[in-house]
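*Asks:* We have chain A; now place chain B onto it with these hints.
Below, each chain spelled out in residue letters.
Number of protein chains: 2
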Amino acid sequence: MNATQDCIVLLGDSLTHLAFEPGGFALRLTEEYARKLHVINLGLSGYNSEWAVPVFEQYLPKKGVQQDVPKMQLLVIWLGANDAIVPQPHYIHSVSLSALASNLRKLISMVKSPDSPYYAPWTRVVLMTPPPVDTYQRAEDARAQGLGLDRDFDKTRRYAEAIKEVGDADGIPVVDLWTRLWQGAGRDEHAMSKFLTDGLHLNADGYFIVYDELMKVIADKYPEILTEKLKTVFPTWDELGTATDPLALLQKRDILAA
Amino acid sequence: MNATQDCIVLLGDSLTHLAFEPGGFALRLTEEYARKLHVINLGLSGYNSEWAVPVFEQYLPKKGVQQDVPKMQLLVIWLGANDAIVPQPHYIHSVSLSALASNLRKLISMVKSPDSPYYAPWTRVVLMTPPPVDTYQRAEDARAQGLGLDRDFDKTRRYAEAIKEVGDADGIPVVDLWTRLWQGAGRDEHAMSKFLTDGLHLNADGYFIVYDELMKVIADKYPEILTEKLKTVFPTWDELGTATDPLALLQKRDILAA
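So the protein sequences, as listed, match chains A and B. Everything in the first sequence is counted per our numbering, starting at 1 for the first residue and increasing by one. Everything in the second sequence is counted per our numbering, starting at 1 for the first residue and increasing by one.
Chain A with its partners taken away, still in its complex shape (with noise of 0.2 Å):
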């Protein structure tokens, strides 16, 4: 791949990769910025953020060859939800609250810290919180395969709270999910349900409010990356139509450009 197009990572855990599919935040993103920028699934499912952060670090371009590749425009991580598991053997590996935050420390200094060898100003940060997990239906879950109960409701609360404390401290905006989604639910565990599958991950009642509210924090922090503000990298196709010469007009454009 070249560079006519950058591009939008969402780097998270199996709530990312999930969110490709019908339904999902990640699959209206990828619709609301076609032609404009790619949206690019790093959705490993199960990871915690210590694994996410050796993969992270394969993946991102080193100085030397940004040019050539896609600009990272935007970069959101959705860890944390599997970082707060109660360990299980054989299974993904629970990371204590410290370990957390210095592993996000860590994604966000690839790529904000100018002694990075991945350095890269350009690229606005989000960071989300997991939602909160609803034990009832992860445990009527967890029974019919013959599994234990792996989440706790306050676990992960603790490790929601902790993202966002880097974020607050770190200047980096946070779409804070697990409260918006313990509002949306009346602050009552049972009624999570209404936004979640398993008592983990969302369906697309929960995706439709992580959509939004990703949405809002670009809109109050990055509104030069809405949609409406962007071009689209080459001309559409009334452009080219009502040209004189449309093969004249066929370069690519700075979307970000007024």
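These are computed hints drawn from the structure, not numbers from a lab. Keep in mind that a hint or two might mislead.
If chains are identical, the list can't say which one is meant, so a pair holds when it fits in one copy or spans any two.
To be verified - No more than 25 Å apart at the CA atoms, straight line, and that leaves these computed lysine-lysine pairs for PhoX-like:
no., residue 1, residue 2
1, Lys63, Lys229
2, Lys106, Lys71
3, Lys112, Lys221
4, Lys36, Lys229
5, Lys112, Lys36
6, Lys71, Lys231
7, Lys106, Lys252
8, Lys71, Lys229
9, Lys62, Lys36
10, Lys194, Lys229
11, Lys71, Lys216
12, Lys216, Lys194
13, Lys112, Lys216
14, Lys231, Lys164
15, Lys62, Lys155
16, Lys216, Lys164
*Replies:* Chain B in isolation, oriented as in the chain A frame:
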């Protein structure tokens, strides 16, 4: 973006662009190849093959930077539907049959010719033919918008044949959707509406066949990139969860390695 995950590129017009919406074949391909190959949307609504050439030329990485960007493992070229337009003022430009063939050869040789600055011998190429148009449905849709009929059944058929001839002559596999959908409609133009939304663009039933036919051609000509033959680039969570040192496993893998 770095070269951790290779890609499938879908180069086309609105038939490709709309294929990234729910029900579209590109979306199914994206789900199918998740964590193995990125699926890149180069769907340019209203573009003919002449306009696609300079876009693709700017998109392709030159030899010197190919090692830094995702390898294009599969290129699907789906053009011709707009080349076959019945000329309208200030609108999509009609392209002659011979120019369509020549443009397709230009696109193919960009990656296949050793003399090309974009030579990428690893890229598998597939051509697709446009669906038959339903001029009854199309005329109704155009009338509702105060426009004239902009497609002709036989013209689109001839353009589809020209694409098939290019593939046959140059040894490039062709997904002959025109013929397949025509058979599916019992060779009755009126019945094509079961696959089309407006006489030109496909509905979910039409895209279902596109996906099916494309996967058949992949299975037949390029079976090594069927998803069941490919590894995920990074290990799955259960590979990591059962490992004694998961971090040691977190290296990019060759998805094609047996």
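*Asks:* All hints are to be evaluated individually against the structure, with a verdict given for each.
*Replies:* Consistency of the hints with the structure:
no. : hint            : verdict
1   : Lys63 - Lys229  : neither (28 Å within a copy, 34 Å between copies)
2   : Lys106 - Lys71  : within (20 Å within a copy, 28 Å between copies)
3   : Lys112 - Lys221 : within (16 Å within a copy, 45 Å between copies)
4   : Lys36 - Lys229  : within (10 Å within a copy, 33 Å between copies)
5   : Lys112 - Lys36  : within (23 Å within a copy, 28 Å between copies)
6   : Lys71 - Lys231  : within (16 Å within a copy, 27 Å between copies)
7   : Lys106 - Lys252 : between (34 Å within a copy, 19 Å between copies)
8   : Lys71 - Lys229  : within (18 Å within a copy, 31 Å between copies)
9   : Lys62 - Lys36   : both (23 Å within a copy, 22 Å between copies)
10  : Lys194 - Lys229 : neither (34 Å within a copy, 38 Å between copies)
11  : Lys71 - Lys216  : within (23 Å within a copy, 35 Å between copies)
12  : Lys216 - Lys194 : within (22 Å within a copy, 39 Å between copies)
13  : Lys112 - Lys216 : within (23 Å within a copy, 45 Å between copies)
14  : Lys231 - Lys164 : neither (33 Å within a copy, 35 Å between copies)
15  : Lys62 - Lys155  : neither (36 Å within a copy, 50 Å between copies)
16  : Lys216 - Lys164 : within (16 Å within a copy, 48 Å between copies)
Checked against the numbered hints given earlier, the structure breaks hints 1, 10, 14 and 15 and satisfies all the rest.
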